[in-house]
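Just need the whole structure built from these sequences, with the hints factored in.
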Amino acid sequence: MPDLPYRPNVGAMIFNAAGQVFIGRRADMPGAGGPLSEGVWQCPQGGIDEGENPTEAVLREVLEEIGTSQVSILAEHPEWISYDLPGHLIGHALGGQYRGQTQKWFALAFTGQDDDIKLDLHLPQEFDAWIWADLNSLPERNVGFKKPVYERLIVDFAAFAASP
Numbered sequence: 002m003p004d005l006p007y008r009p010n011v012g013a014m015i016f017n018a019a020g021q022v023f024i025g026r027r028a029d030m031p032g033a034g035g036p037l038s039e040g041v042w043q044c045p046q047g048g049i050d051e052g053e054n055p056t057e058a059v060l061r062e063v064l065e066e067i068g069t070s071q072v073s074i075l076a077e078h079p080e081w082i083s084y085d086l087p088g089h090l091i092g093h094a095l096g097g098q099y100r101g102q103t104q105k106w107f108a109l110a111f112t113g114q115d116d117d118i119k120l121d122l123h124l125p126q127e128f129d130a131w132i133w134a135d136l137n138s139l140p141e142r143n144v145g146f147k148k149p150v151y152e153r154l155i156v157d158f159a160a161f162a163a164s165p
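Under my numbering, residue 165 is the last one in the sequence shown; the count climbs by one each step, no gaps.
I should point out that these hints are in silico values taken from the structure, not numbers from a laboratory. One thing to keep in mind: the hints can contain errors.
[Claimed, not checked] Computed list of lysine to any residue pairs in SDA-like fashion (alpha-carbon distance at most 20 Å, straight line):
| hint | residue 1 | residue 2 |
| --- | --- | --- |
| 1 | Lys105 | Glu57 |
| 2 | Lys148 | Arg100 |
| 3 | Lys148 | His89 |
[As the list claims (entries may be wrong)] If you anchor each label on the Cβ, the simulated ranges turn out as follows:
| hint | residue 1 | residue 2 | range |
| --- | --- | --- | --- |
| 4 | Glu141 | His89 | 22 to 32 Å |
| 5 | Met30 | Pro149 | 12 to 22 Å |
| 6 | Ala76 | Ala134 | 15 to 25 Å |
| 7 | Arg153 | Ala19 | 16 to 26 Å |
| 8 | Asp4 | Ser73 | 16 to 26 Å |
| 9 | His89 | Ala18 | 33 to 43 Å |
| 10 | Ser83 | Thr56 | 11 to 21 Å |
| 11 | Met30 | Ser138 | 15 to 25 Å |
| 12 | Asp4 | Trp133 | 38 to 48 Å |
| 13 | Glu51 | Asn17 | 28 to 38 Å |
| 14 | Pro140 | Trp81 | 18 to 28 Å |
| 15 | Ala18 | Ser138 | 14 to 24 Å |
| 16 | Arg61 | Trp81 | 15 to 25 Å |
| 17 | His89 | Ala163 | 37 to 47 Å |
Heads up, the beta-carbon is just placed ideally off N, CA and C, and yes, glycines get one too.
In structure tokens:
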């Protein structure tokens, strides 16, 4: 189904003061609820609503998925990064309407405290666990078929991983 379009989407790579990145374990994937080494992990991301610009969308997605608005935008990636779904998910995932997603990624600074992060404020929950991880470790974690996206982002957002 290569004639299907890409879904417009945003992604948030959120850096804490130590230069680590927020990643959450997807609540809807195998391994959820198990040890922290299990499951599929990712940065907050989500679709862009009609009439919404990417900046508005990324801030809304962060609030919905991790329950906080304690972030500020450091940078917007200059390009849209696209990925295709694996063949077995095309026609099923993303409402069956898309071949994958094209994403506008943002580097964000986390300006709050860890207890400001509330994974259960918006239901259904996107994540059931979260950690601060070293940027370079992301591709080694189970980020599923989005690994090439993360490999690119660790290069493009490397400057934000250094402690301020």
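These are the hints, each one checked on the structure:
no., hint, verdict
1, Lys105 <-> Glu57, "holds, 12 Å"
2, Lys148 <-> Arg100, "holds, 17 Å"
3, Lys148 <-> His89, "holds, 17 Å"
4, Glu141 <-> His89: 22 to 32 Å, "holds, 24 Å"
5, Met30 <-> Pro149: 12 to 22 Å, "holds, 18 Å"
6, Ala76 <-> Ala134: 15 to 25 Å, "holds, 19 Å"
7, Arg153 <-> Ala19: 16 to 26 Å, "holds, 23 Å"
8, Asp4 <-> Ser73: 16 to 26 Å, "violated, 40 Å"
9, His89 <-> Ala18: 33 to 43 Å, "holds, 41 Å"
10, Ser83 <-> Thr56: 11 to 21 Å, "holds, 19 Å"
11, Met30 <-> Ser138: 15 to 25 Å, "holds, 19 Å"
12, Asp4 <-> Trp133: 38 to 48 Å, "holds, 41 Å"
13, Glu51 <-> Asn17: 28 to 38 Å, "holds, 33 Å"
14, Pro140 <-> Trp81: 18 to 28 Å, "holds, 20 Å"
15, Ala18 <-> Ser138: 14 to 24 Å, "holds, 18 Å"
16, Arg61 <-> Trp81: 15 to 25 Å, "holds, 18 Å"
17, His89 <-> Ala163: 37 to 47 Å, "holds, 39 Å"
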